[in-house]
Amino acid sequence: MTAKLRSSLLAPALAIAFSALLCAIALLISGANPASALGVMIGQVGEGQVAVDIVNSTAIYMLAALAAAIGFQMNLLNIGVEGQYRIGALVAAIVGSALVLPPVLHWLVILLVAAVAGATWALLPAILKVTRGVHEVLSTIMMNAIAFGLAAYLIRRDQFGILIGNNVSTEPIPESGQVPGIDLGARGTVFGLVFLAVVAAAVYGVVMKRTRFGFELRASGESPTAAAAGGVNAKRMIVVSLLVSGAVGGLVGMPEILGRDHAYTLNFASGYGFAGLGIALLGRNHPVGIAFGSLLWAFLEKAKVALDNVGVPREIATIMQGAIVISVVVAYEIVKRMDLAAEQRRVGRALGTAEPAEADAGGAR
Amino acid sequence: MSLRSVLAGRVKPGREKALRFKRGVAVTAIALTSVLSVVGCAKDSASSDNPSGGQNNNASGCQTVDKPAAASGATSSESAASDVDASQLKVGLAFDIGGRGDASFNDSAAAGLDQAIADLGVKKENTKELTATDQESEDSKQTRLRQLAQEGHNPVISVGFAYSEATKVIAGQFPNTQFAVVDGFVEGAPKNVTFLGFAEHEGSFLVGVIAALKSESCKIGFVGGVNVPLIQKFQAGFEQGVKAVAPDAEVIARYITEAGDLTGFTDAPKGQVTAKGLIDEGADVVYHAAGASGKGVFAAAKEGGVMAIGVDSDQYNQATVAEYKDVIITSMLKRVDVAVFDYIAAVAAGDMGGLPQVFDLKVNGVGYSTSGGKIDDETKEWVESYKQQIIDGEITVADTPAAS
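Chains as they are written, first to last, in this note's numbering: chain A, 1 to 365; chain B, 1 to 404.
Be careful, since some hints might not be right.
DMTMM-like cross-link-like pairs, simulated, lysine to aspartate or glutamate; straight-line CA separation at most 25 Å [as the list claims (entries may be wrong)]:
1. K90/B - E47/A
2. K168/B - D183/A
3. K128/B - E47/A
4. K243/B - E281/B
5. K128/B - E315/A
6. K270/B - E315/A
These are calculated hints, taken from the structure and not from any lab test.
Throw the hints in and build the complete structure from the sequences for me.
Given below as structure tokens:
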């Protein structure tokens, strides 16, 4: 247990330390002081509404990362979260503005629409995967491109868009569909749907660890042949996990749309889906890991604005995000090998032989 | 992780599975391409609406209408009085993506600030410039504006319509600070917000006239950065200007990216590929409204040996695109610099009433440049005549493309 705890904490710690080192080097090269840059980034949290913005963004990144993690659990790389959340947000904004319903029901219907739209966007890659063996990386990337095109089409003025100055927006969602947040006055407003992300993470954790479905999902990911031998219907698992991943992906845009913007506009933020992939990797598909990864990501994203303010190139934060992901991958690999070697030594000692290669058959993978 | 699953899928079931995989990819690819091309066709037919095809390749250039009468009335406009003292002002400038150095839109705003420093006595150390990143969310824009306002900058000028909503929110929190949004508009903004809007279609009409006069092949290209209403204004005016002079000319319009993907304003290689496509189709004059991607458009024009028309700033004189200056025959000037300068002067004078509602041809808010000596007097007479007709209201320039 302690060894497990060590390896699960050591790797991210190593990764963050290593990426901080990379960033310090980048900062030094660009002629800035790393310590003061870090100070500014941390100081930024206390400024204005930044702390609340970080919480809100954390929730959004969590949803995106959970969507990616559901696929990752069975080795499905759903690169399509980016397109799924865009389609989910746009369709939900259009439908939500057209409906007249009492408050709570209105939210639920909008959320359901977003999830269904996201799942629908994942349906084609799922079908192609199980019927034709098309790799989901290819098909989901293609679906992203189509999502962008379709979204651009649907928001045209002759479709669902209305022109406001130079901006185009969908019809605003009426008040009954707007999810109230926690108003902290000058500190900002925490989106009500932050709790959706928390609930989603909890449900994800329970389903993965405590249900048959979660077990089958993870088994299919660990060893498809073993899972098939155990009676798991691989095709069904692929379809279900991609659809669930797409459904969660469809929800990513909801905190912002129902909590702040109340419409889908040209300014709708992009990139959450891709960030989600990195965060799921960072959090090792674990709900708590994902929560912390999202928090870190949101912090970097919001602190970026402060770097620009003190004259440090804001790209530094982007470098830091990239460095973290690559460091995590490397660090986990290093820690895994260290653990494996330790395991081999331990088994070797227990068996009284000096040949640790024997232990490899036991393959603690 | 991915590699493992790919390998597992391929190695195990042998050739048959691999073949099926390939066939599946091919089928998807074909399906996707056809969907894409249908979308593409729809867009093309929407943007290039020329039934006659404009195939007259006579060496003397495009068939043009008769030259209009010479301009009579003088355009009367002068910049806001530069005897105001703005030395007490702290000016905050929030750029759109691309920032200072994009050689067009943002640089034009920066030029306005620089001029205010030179002429109005604004102290350089009292100014601050921040820049947006693409893909950022609304709250980052708010944070940026809040920082500027909190540090005592007044006025805070943001560049780009994407700041409209954020400015409305932050202006409400800082009622004693003046805010301006270039290109912006939003309903219900507080009184301390000024929107600086432009008639881009009118300026684009004029460079359309030039393009029609200069084209030999009678095919003229337009490269838009992102397919949004703002950039469609450039396209609409440009097309109308071309058709006014050469009714048979063909304008091929392409956008680098569709709405929602803002990289079209910052991606020079994409701009180059888009422009190259137009040049390969026979366009010999290419006008771009693509921000920093325009650099790629100029590169393609130079490589293809055709003429290019710049946008926003006088791009012939822009250092960042200096290596391509010989292909830039003119630029559509969107005088964001004038608007920013006038606005700072107005804030210093404490009187916003004198600012025009729209920076159009009448107030020299838009126009065209002649740097580089590619515009001869004959061409100039044409353009000035049309300019006068637009100012006089004899020609109304549409702000949306004809067929969309």
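Review point. Are K168/B and D183/A close enough, with their CA atoms no more than 25 Å apart?
Key: The given pair, whose Cα atoms are some 18 Å apart, holds under the 25 Å limit.
Review point. For the pair supplied as a hint, K128/B and E315/A, is the alpha-carbon distance within the 25 Å limit?
Key: OK: K128/B and E315/A at ~18 Å, within 25 Å.
Review point. Straight-line Cα separation of K243/B and E281/B no greater than 25 Å?
Key: 19 Å, holds
Review point. Is the straight-line distance between the alpha-carbon of K128/B and that of E47/A 25 Å or less?
Key: This hinted pair holds, its Cα atoms lying about 18 Å apart.
Review point. Do the alpha carbons of K270/B and E315/A lie within 25 Å of each other, as the hint requires?
Key: This hinted pair holds, its Cα atoms lying about 21 Å apart.
Review point. Within 25 Å, alpha carbon to alpha carbon, are K90/B and E47/A?
Key: 20 Å, holds
Violation of the numbered hints given earlier is absent; every hint is satisfied by the structure.
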